[in-house]
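Residue-level listing of the chains:
Number of protein chains: 4
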Amino acid sequence: MRLGIGVIGYGYWGPNLARNFGAHPDCLVRSISDRRPERRELAGRHFPHAAIIADDSALAATDVDVVAIATPACTHYELAKRALQNGKHVWIEKPMTSNSDQAKELAELAASRGLTLMVDHTFLFTGAVSKMKEVVDAGELGGLYYYDSVRVNLGLFQHDVNVIWDLAPHDLSIMDHLLGPSAQAVSAQGRGHFHTGLEDVAYVSVFYPDNLIAHFHVNWLSPVKIRRTIIGGSKRMLVWDDLSQEEKIKIYDKGMQVTTIEGIYNVLATPRVGDMTAPVVPFTEALSVEVDYFVTCVREKKMPFNDAQAGLRVVSMLEATDRSLREGGRIVELRRD
Amino acid sequence: MRLGIGVIGYGYWGPNLARNFGAHPDCLVRSISDRRPERRELAGRHFPHAAIIADDSALAATDVDVVAIATPACTHYELAKRALQNGKHVWIEKPMTSNSDQAKELAELAASRGLTLMVDHTFLFTGAVSKMKEVVDAGELGGLYYYDSVRVNLGLFQHDVNVIWDLAPHDLSIMDHLLGPSAQAVSAQGRGHFHTGLEDVAYVSVFYPDNLIAHFHVNWLSPVKIRRTIIGGSKRMLVWDDLSQEEKIKIYDKGMQVTTIEGIYNVLATPRVGDMTAPVVPFTEALSVEVDYFVTCVREKKMPFNDAQAGLRVVSMLEATDRSLREGGRIVELRRD
Amino acid sequence: MRLGIGVIGYGYWGPNLARNFGAHPDCLVRSISDRRPERRELAGRHFPHAAIIADDSALAATDVDVVAIATPACTHYELAKRALQNGKHVWIEKPMTSNSDQAKELAELAASRGLTLMVDHTFLFTGAVSKMKEVVDAGELGGLYYYDSVRVNLGLFQHDVNVIWDLAPHDLSIMDHLLGPSAQAVSAQGRGHFHTGLEDVAYVSVFYPDNLIAHFHVNWLSPVKIRRTIIGGSKRMLVWDDLSQEEKIKIYDKGMQVTTIEGIYNVLATPRVGDMTAPVVPFTEALSVEVDYFVTCVREKKMPFNDAQAGLRVVSMLEATDRSLREGGRIVELRRD
Amino acid sequence: MRLGIGVIGYGYWGPNLARNFGAHPDCLVRSISDRRPERRELAGRHFPHAAIIADDSALAATDVDVVAIATPACTHYELAKRALQNGKHVWIEKPMTSNSDQAKELAELAASRGLTLMVDHTFLFTGAVSKMKEVVDAGELGGLYYYDSVRVNLGLFQHDVNVIWDLAPHDLSIMDHLLGPSAQAVSAQGRGHFHTGLEDVAYVSVFYPDNLIAHFHVNWLSPVKIRRTIIGGSKRMLVWDDLSQEEKIKIYDKGMQVTTIEGIYNVLATPRVGDMTAPVVPFTEALSVEVDYFVTCVREKKMPFNDAQAGLRVVSMLEATDRSLREGGRIVELRRD
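Chains as they are written, first to last, in our numbering: chain U, 511 to 847; chain G, 511 to 847; chain X, 511 to 847; chain Z, 511 to 847.
Think of the hints as simulated: they come from the structure by calculation, not from any bench. Treat the hints with caution; some may be incorrect.
Each pair may be met inside one copy or between any two copies, as identical chains are not told apart.
[As the list claims (entries may be wrong)] No more than 20 Å apart at the CA atoms, straight line, and that leaves these computed lysine to any residue pairs for SDA-like:
#, residue 1, residue 2
1, K745, H705
2, K643, R782
3, K735, R782
4, K641, F557
5, K641, P535
6, K641, D785
Here the structure is a predicted model, which is why all the values come from computation and not from measurement.
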């Protein structure tokens with residue numbers, strides 16, 4: 511039996527979800543809903559066999575097994591909650607919810623009902639992130655020192671969220687995937703330059719045990735597009751440039767050697783330099799891989815790694831940035847409960 | 511009459527000072543002093559006609575008009591104070607002193623004696639920074655939104671100062687030169703990974719009026735060398751890549767146009783895209799230009815722009831980063847007195 | 511009345527033609543033909559309202575006004591000839607034909623029947639080539655000295671043509687478009703390394719009046735992908751890097767100043783250096799622009815600039831490279847008749 | 511006993527020779543000669559203990575064991591011949607002589623007298639070329655397919671030689687070092703755009719057995735500086751970018767896999783893609799390494815690899831480019847005698 515899919519929201523990302531679920535041999539797109547007539551008209555042309563609807567009735571439709579939610583973030587909680595209450599599996603866009611209480615509630619609801627709730631952190635399914643996960647997990651970098659991420663461009667402004675909630679979920683979810691769930695605290699600085707007052711340039715720090723520090727520069731006002739992450743480790747260091755076609759990931763056999771020399775200009779540590787390797791990063795359409803993984807998790811009642819808890823961790827960090835911004839960049843502890 | 515120059519400290523930077531003062535037609539290197547015999551031996555070979563000495567007697571020597579101090583930062587205050595008290599003009603390496611009280615005292619001493627005290631912020635004399643100063647002052651960028659600087663590499667560790675005191679003086683002095691002296695507050699985050707506990711990775715924010723935010727990433731543990739500053743303005747945006755041979759500065763005729771569209775995915779502002787221009791950046795040996803400027807200031811009793819007040823501002827910001835680091839990244843106001 | 515389009519050949523490029531003709535408001539895709547059942551099956555799914563056929567009957571179909579030929583080059587001549595004889599306008603892939611006699615015959619046939627025959631040199635309709643045409647025609651570069659093009663990558667080998675016939679048509683047509691139709695002679699060198707003996711690495715020179723020299727490096731065996739053309743002029747110089755996302759075209763205000771200095775190491779000319787500008791290159795889907803232009807030419811009986819004569823010139827140059835390769839790189843004059 | 515060195519010619523390169531010989535513990539710069547008073551004045555300041563002379567008397571001076579010739583190429587033959595006749599070892603700048611007859615005569619003279627005659631192909635002693643030599647000799651690239659070199663910039667024009675004789679000696683000597691002495695034939699195309707008629711843009715092909723083809727683009731009129739060599743092999747491919755600071759050499763585990771598929775668009779060979787590695791290239795001041803190697807060869811009566819025969823091979827190829835240019839790019843066989 512194929513899984514019946516109900517896609518809710520057919521704006522920027524919804525069509526990609528519908529297309530990838532539609533192409534999966536184990537899925538059938540049963541319905542697509544959007545409040546805007548022109549989006550329904552488009553959906554109708556793309557999916558002549560699906561029900562095209564204006565309301566949320568898919569949440570309760572008997573032929574729908576999976577609700578895929580691609581509406582604005584402020585509506586995620588309500589829609590996902592009703593879907594789970596109706597016994598549907600849920601695919602939800604990032605950020606999972608608007609606050610961590612909501613995320614926690616959804617996580618518990620899904621767990622108690624035995625339903626799959628997966629947060630669409632698409633980047634986790636790219637060849638580049640998979641390769642980095644492999645490298646980090648194998649210990650190739652040694653102990654980690656820092657994680658530095660820059661995601662800037664001249665971008666479309668959202669009118670309802672700041673640049674952190676818009677861009678950082680990508681990087682926070684990747685960081686969480688690579689470094690694990692032990693983040694302890696968050697700090698943020700930012701400024702907005704237009705009348706909404708929402709930050710359009712921001713800097714976020716995340717603190718881990720053992721002096722591991724992560725830092726994110728997100729910016730809607732950059733004349734150049736940069737997508738670069740550097741991970742410094744005790745054995746090796748890695749640079750991920752997502753805009754590079756042929757050398758997305760470079761692994762440097764470099765590090766510091768601690769030495770002790772007497773004198774007034776004492777050198778504490780000196781650089782150790784070795785070869786650089788750019789491993790082959792297989793090209794995979796991330797969303798297609800992710801849809802297949804989701805279907806497997808539903809079928810085999812397996813917990814996805816990008817589950818509700820992963821979504822909750824990201825939302826908790828975003829929430830902490832709000833508080834830190836309000837309190838002058840103070841370090842805000844992440845709650846553990 | 512030529513100016514007699516006494517160079518104190520012949521380690522990493524002292525030889526460059528001696529060479530450039532030595533090559534200036536209005537200067538004569540009278541003495542070079544260093545405590546280390548092997549450095550004195552080297553100085554003697556390079557400057558056979560100068561007195562090569564082990565002590566600080568140049569501070570009081572009658573044939574010395576200018577004392578150029580290139581010793582470790584912690585000795586700057588004492589040496590400069592005695593030189594000024596003896597009526598010598600002073601050229602001092604960055605950072606000017608170890609704290610702002612010292613810097614203030616030197617500034618007042620120089621002012622009261624009518625002596626030139628100049629802090630060697632060499633970068634201000636490069637073709638690239640001169641060009642940026644010209645562009646910013648001409649209003650070509652419009653109102654400024656942000657100043658983002660990255661200075662990272664796999665570097666030699668200092669045993670006595672953290673990465674902020676080592677690398678950020680360059681960028682803070684350039685920022686101060688370009689944006690003016692109105693910085694209001696500072697915040698910093700960082701971590702150290704070796705036994706000294708000194709930060710080797712750090713992030714500094716500096717806040718200006720009108721929501722202008724500056725940010726600095728300084729890092730001794732990066733596998734790649736990056737020297738890049740982005741300045742975002744309301745009319746144009748600028749990228750300075752100091753490692754580029756032929757296109758150090760790029761000016762983008764780009765910006766955001768504020769618009770208002772109704773709907774749930776309202777766009778607040780949309781990108782405006784225009785040509786990019788990389789102006790010719792004349793190659794000048796910065797130190798040679800700076801020495802010539804110093805001599806002119808001394809001769810004409812002109813206040814240099816990189817004077818004691820400029821040095822004090824940089825030291826005050828460095829000092830504020832120390833406090834912010836200790837207090838969890840709190841925003842620390844810069845004192846005005 | 512809409513133009514009826516018959517697409518012949520539904521392999522690599524045919525689907526793009528069908529899609530773009532299909533999207534044009536003045537066109538209707540009447541039929542798609544391909545000998546391979548699996549390609550017909552695909553065409554049927556994409557174009558449910560078109561006739562999907564296995565033979566060449568579109569060449570004579572009454573509802574077909576335009577035959578778009580996207581079959582292997584060796585079949586172009588025969589198909590285009592019959593289409594023209596049947597009074598159809600013809601859109602033909604590059605290279606136009608297998609030799610210049612065929613190209614000439616088609617050009618004359620189209621002219622005598624008053625039919626539009628256009629060769630699909632798609633690159634001519636990109637934003638980058640349009641911008642270069644504008645710059646060159648406005649005289650911004652001054653008199654031209656050279657045109658140097660590199661098109662290399664690790665590529666699929668064709669079994670029936672060498673790398674020149676595969677890759678160089680792009681560059682020769684761009685050169686012809688930018689420099690005009692006055693090319694006088696051609697020389698080529700190359701080597702093949704696999705059992706077919708077809709060249710997989712080759713270098714082609716084309717000679718114009720006034721010492722203007724053009725040169726092409728085409729290569730199927732390069733580990734890196736390069737798409738770069740440099741045009742040197744007496745006033746300015748231009749670099750086109752087609753792989754750059756944001757700075758495809760750079761115009762350098764650089765040149766040589768002729769001077770005369772006596773002495774044994776006389777310098778004849780010294781560099782003159784000025785600003786570089788990267789103009790905005792509007793993103794346009796080239797094929798869509800080209801289809802619209804083709805329709806306009808047919809409607810208004812206007813001669814397209816990429817007409818049969820342009821196609822003939824490119825084929826003549828390709829033909830001359832074959833001869834030069836056989837004769838040890840000898841310069842082969844291009845015939846004028 | 512130290513070797514007494516006589517440097518002849520103190521223009522652009524002579525000072526580097528004098529400095530490096532002067533710094534070698536086994537050498538003593540006995541004399542420096544130049545016809546120009548201002549160069550002698552400079553030499554006198556740099557080398558207060560050497561005899562500064564205006565004539566060629568060093569060729570016969572009893573305290574001179576080695577004559578280092580850094581005069582214009584047209585004078586090399588005469589000076590080297592007299593030096594060898596007087597029993598001096600000879601260090602000679604590139605190109606070795608103005609024609610191959612001269613080079614051959616010098617080679618025979620040096621051999622018959624048992625003297626060391628070394629041609630200063632400095633690049634052969636860089637870390638990058640040493641690394642490439644190692645890689646090629648170890649067979650890591652497999653059988654070689656092609657060698658493609660680009661050396662272009664906006665350059666000083668020489669008034670007496672074309673761009674090939676000015677720039678290509680570097681690349682021809684590197685090629686000869688890496689690929690061995692089996693080059694069979696040469697072809698060249700070029701154009702000049704100033705009144706001397708000397709080519710300022712040129713392309714040279716060199717042919718080896720087994721379809722190995724080498725190609726060189728040399729250009730004084732390029733707005734951008736490019737120093738890039740690609741070597742394609744059956745097992746791996748290599749790119750040398752001499753302007754890259756940190757990744758001068760990249761080795762690609764890429765190649766073509768020969769396959770046979772039936773059909774009209776048959777693919778002959780498909781790409782095989784693997785990791786890229788940028789090995790550490792140790793920084794070495796090439797000239798200092800070369801001087802030390804020369805001294806060792808003289809002391810141990812060892813034949814240097816950049817001996818007179820190597821210099822002769824380069825001159826023979828340069829000579830062949832002249833002939834090919836005159837004869838319309840015809841392939842000119844390299845003589846074997």
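Outcome of the hint check:
1. With identical chains, the CA atoms of K745 and H705 are at most 20 Å apart between copies only, with a shortest distance of 17 Å across copies and 47 Å within one.
2. With identical chains, the CA atoms of K643 and R782 are never at most 20 Å apart, being 24 Å at best within one copy and 24 Å at best between copies.
3. Taking the closest pair of Cα atoms, K735 and R782 come within 20 Å of each other only across two copies (14 Å); inside a single copy the shortest separation is 31 Å, beyond that limit.
4. Neither within a single protomer nor between protomers do K641 and F557 lie at most 20 Å apart by alpha-carbon distance, with minima of 35 Å and 39 Å respectively.
5. For the homomeric pair K641 and P535, neither the shortest alpha-carbon distance inside one copy (27 Å) nor that between copies (46 Å) is at most 20 Å.
6. For a Cα distance limit of 20 Å, the shortest separation of K641 from D785 qualifies both inside one copy, at 18 Å, and across copies, at 12 Å.
When the structure is compared with the earlier hints, violations turn up for hints 2, 4, 5 and for no others.
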